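Residue numbers (numbering that gives the first Met the number 0): 0 to 445.
Source of the hints: derived by calculation from the structure; they are not laboratory data. Note that the coordinates shown come from a computational prediction; the quantities given were computed from them, not determined experimentally. Be aware that a few hints might be false.
Stated by the list, open to error - Derived lysine-lysine pairs resembling DSSO-like cross-links, with alpha carbons at most 27 Å apart:
no., residue 1, residue 2
1, 236, 68
2, 230, 206
3, 60, 143
4, 197, 236
5, 143, 127
6, 60, 206
7, 13, 308
8, 60, 127
9, 415, 13
10, 197, 68
11, 60, 13
12, 230, 143
13, 415, 308
14, 236, 60
Said to hold, decoys possible - Quick list of the computed label-pair ranges, beta carbon to beta carbon:
no., residue 1, residue 2, range
15, 374, 143, 13 to 23 Å
16, 294, 146, 45 to 55 Å
17, 149, 260, 31 to 41 Å
18, 292, 197, 29 to 39 Å
19, 437, 218, 20 to 30 Å
Glycine included, C-beta positions come from ideal geometry on N, C-alpha and C.
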Amino acid sequence: MSHNSPASPLTARKSISLAGRIRVPGDKSISHRALILAALTVGETRIGGLLEGEDVINTAKVMRALGAKVERTGEGEWSVFGVGVGGYAQPAGPLDFGNSGTGCRLVMGAVAGCPINAVFDGDASLRKRPMRRVLDPLTRIGAKAVDVAEGGRLPLTLEGARDPLPIVYEPPVASAQLKSAVLLAGLAAPGETVVIEKEATRDHTEKMLTHFGADVQVEQVGEHGRRIVLKGRPELKPAVLQVPSDPSSAAFPLAAALIVPGSDIVLENVMMNPLRTGLFLTLREMGASIETLSSRHDGGEEVADLRVKASALHGADVPASRAPSMIDEYPILAVIAAFAEGRTRMCGLSELRVKESDRLAATAEMLRVNGVAVEIDGDDLIVEGTGSVPGGGVVATHMDHRLAMSALVMGLNSEKPVSVDDAAFIATSFPRFVELMQGLGANLAP
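Model the full assembly from the supplied sequences, consistent with the hints where possible.
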């Protein structure tokens, strides 16, 4: 399977000040989980604010293929009639996740607890991403990897457990996807499934499981870790769910406002879960003007409106312990660091090597072709900021939506235009990105 759309080059040019109020799309992580968990309830769940990007739409299609009734009832409004825990039906054909590693890995967990066989596949980019570390705990629960492509990659055939077992699992790396896959599989197992994290990762799955009626207990372990205990075989109950705006998507207009002189924008309804806001903390340390206008809670998550103004920024050291709370934001942070004064060192980024692309190497190359001094030291990314970026480069996006958006934001205040070879993949996470940015005053054009 491959992405068949023609390449869509795009160029960003120096822009005048950005201004306005926008709401970026719903959070991608929560949107995936909302569809998957709603499909495991008994009855109808209504979801508002769902991200309607390609990744999430593919998850919706997969839920239909597994027997749930999934309908779009309006813009961002969806209805899901679930089949109950362990109730997924045998799919008629392969499950196609397109570009979405999150959707694929989470559904692998959910399918692992069901007595069915399913073929998991995706586009050329997803086929390059490792799946073996997700399969390892799922086989302990009782699932079987019947057929797996070389290197533990897609396409793969997963045979779900007929009698799933609860396990105690300590993930070898900090990964919310890995943790969530185990918890979703554990729903169908008797007794308690336990995940022990050395470094706490985003906790949307735990919160949403609770929202749908599961018994989930979370306690602190050590300085940064958590112990999550899920009681298996609950009857998940339908619940209304409103998806907040994605902080990872908000990062792009936020960054643009910080680096384009004279900018002043408001981002509405941004999720402020502390396990997702490492970027905001880091930028404030670098001198960014980010003001919280209001805070409230919705569906178990804290949300706020943020006012962002152009700021004089300085370099900073970003500790490795912060990586789980901002793992998707390092490409755009690297761009911001290039416009800051002084050195920024981002530590412990090994996880970026297994994203949609080798995101660590690709981020460094994105900066390098636009005249920014950058180096990779082990798993650290070091950017030498001078307050300005020469620009003029064409960035290879490697089918990576976040690289494409980061490069385009960089071009909004570079001395010369910055182009990307293909902006088509932006739609996987941020539909209408170009339109929203142009509405703020960004100079983006083919």
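So, against the hints stated earlier in the document, which numbers end up violated here? Violated hints (numbers, rising): 4, 10, 11, 15, 17, 19; every other hint is consistent with the structure.
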